[in-house]
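Take UniProt numbering: the last position of the sequence shown gets the number 466, and nothing is skipped along the way.
Careful: at least some of the hints might be erroneous.
Label pairs and their in silico Cβ distance ranges [to be verified]:
id	residue 1	residue 2	range
1	R201	N414	21 to 27 Å
2	A385	N65	26 to 32 Å
3	D389	V160	28 to 34 Å
4	E123	N414	18 to 24 Å
5	T306	N65	35 to 41 Å
6	G256	A46	56 to 62 Å
No more than 27 Å apart at the CA atoms, straight line, and that leaves these computed lysine-lysine pairs for DSSO-like [said to hold, decoys possible]:
id	residue 1	residue 2
7	K228	K320
8	K90	K300
9	K320	K90
Keep in mind that the hints were calculated from the coordinates and are not lab data.
Quantities reported herein were computed from a predicted structural model and do not represent experimental measurements.
Cβ coordinates follow ideal geometry from the N, Cα and C atoms, glycine included.
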Amino acid sequence: MVLALSGCGGGGGGDGSASGPTVVSPSPAPTPTPTSITCSLASRQAWARDVLEEWYLFPDLLAQNVRASDYPDVQRYVDALVAPAREESKDRGFTYLTSIEEENAYYESGSTAGIGALLVIDETGRLLLREAYENAPAYAAGMDRGTEILAIGTTSSNLVDVAAMDYDTLVEALGPSESGVSRVFRFRAVSGTGYGAVQTRTVTKAEYDIQPLSPRYGSTIVDTGIGKYGYINLRTFIEPAEQQLRDAFADFGAQGIDKVIVDVRYNGGGLIRTSQVLSELLNAGHVGEEYSTLELRPSKASQNDTYYFRRQDGAIDAVKVAFIGTSNSASASEMIMNAQIPYSGENTALIGENTYGKPVGQYAFDLEECDDRLRAVTFRTVNAAGNADYYTGMASTMPNACLAYDELTDMLGNPAEEMTIAAASFLESGYCQPLVAGTQGTKSLGKRVIMPRNPTVAQIEMPGLF
């Protein structure tokens with residue numbers, strides 16, 4: 001999800017001094033401002049409708065024949081209002097209601113709750129871990145990238161095989177992402193240390209802060225024996241990532257690195273401010289030039305906002321950039337790819353799979369008395385060359401698109417990992433196996449990311465997180 005930070009220092013063409021709490025309401029505030037606030041369902045639905053009627057990016061795609069009283073909550077009413085845009089694949093669940101408190105906690109510190117693992121169902125029906133977070137319960141229990149979860153229960157006596165569950169049953173078995181909820185898992189490693197060993201562990205969900213760059217592989221130097229390349233694996237675009245990124249690029253610069261792999265394969269988006277910092281660190285030679293423009297609906301065109309590259313400590317002038325992406329790479333992850341094209345041209349590539357296709361972003365509209373935040377699609381992102389509207393993903397937009405698979409058999413950042421190999425090959429020679437625009441590789445087609453019906457903010461930004 002791309003989030004505009006109007007009102008945050010450094011937003012738009014600011015001086016880059018963004019700091020402190022995230023301020024996510026548009027400026028000026030949406031009108032009409034309610035004169036008396038109640039938290040009845042009818043009042044909250046009316047507030048959401050008023051926001052969309054004034055600010056929604058696609059005013060001609062708002063349903064006009066929807067009765068609020070037909071819907072049991074605000075979200076389902078909002079879904080009905082934006083259904084015409086959804087039918088045209090312009091708003092695929094991008095407009096939604098969330099909690100102000102929960103969202104602020106996530107973007108400011110990465111705070112969330114759960115077992116701390118990214119899960120996926122592979123093409124054979126296995127439930128696998130794509131990644132485990134170092135300060136979360138799953139990792140502490142011995143799970144990591146490549147672990148296969150075989151059975152789930154609330155006790156060791158009622159374990160149910162994953163193979164016997166349908167999708168909805170599996171989501172229910174995993175339980176809510178709430179601190180204190182316990183599940184018993186039977187699992188085995190499918191790669192690495194302990195390969196094939198089956199274990200049964202009780203894992204209790206807890207609150208933890210997601211580390212946007214892993215302390216194990218978030219930033220490293222990939223040495224292929226032919227060349228050395230900077231490698232960044234960014235899990236999510238949140239505020240704590242910014243200084244970590246500056247430190248990583250300062251290290252790259254000190255080692256003479258000028259070719260970089262940016263791995264956002266599981267990154268569903270986040271803060272525009274953080275995406276801008278990453279692009280600035282890649283583009284030291286383009287200070288003052290355009291990063292991206294946010295274009296609003298015609299009636300709000302006076303509030304269009306252009307972001308320019310600012311000077312960043314540690315920035316390098318990258319001569320080649322390879323972005324690793326998948327269908328889970330969306331929004332801010334796609335924004336940085338699109339923004340790089342005018343400056344790197346043929347020296348940039350998408351490696352892996354086609355991306356999600358989300359060239360639009362949301363402002364936040366708050367009903368503070370009710371802890372309601374409406375994330376409404378309000379703008380599209382446009383690069384310095386005027387390129388936008390990549391609804392079918394970045395494969396057709398990037399100058400080079402290279403096919404590679406996410407096999408889960410090697411650790412992220414490992415020079416032997418397939419997507420990393422393909423990225424390094426592009427940086428070395430410009431050669432890659434072409435990825436056909438609008439498609440995914442056959443090994444990717446059967447994969448399914450698990451998402452509960454009412455995801456947390458972290459689950460929206462990091463698909464498959466539990």
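Tested hints:
Checked against the given bound of 21 to 27 Å, the beta carbons of R201 and N414, roughly 26 Å apart, stay inside it. Between A385 and N65 the Cβ separation comes to about 40 Å, which falls outside the hinted range of 26 to 32 Å. As the Cβ distance of D389 to V160 is approximately 45 Å, the hint placing it in 28 to 34 Å is violated. Checked against the given bound of 18 to 24 Å, the beta carbons of E123 and N414, roughly 22 Å apart, stay inside it.
The hint said 35 to 41 Å for the Cβ distance between T306 and N65, and at roughly 38 Å that hint holds. Checked against the hint of 56 to 62 Å, the C-beta distance between G256 and A46 comes to roughly 59 Å, which is consistent with it. In summary, the hint linking K228 to K320 is supported, as the alpha carbons are separated by about 12 Å, within the 27 Å threshold. As the CA atoms of K90 and K300 are separated by approximately 19 Å, the hinted pair is consistent with the 27 Å bound.
A hinted pair counts as satisfied when its Cα atoms are at most 27 Å apart, and K320 with K90 does not qualify at roughly 32 Å.
In summary, the numbered hints that this structure violates are 2, 3 and 9.
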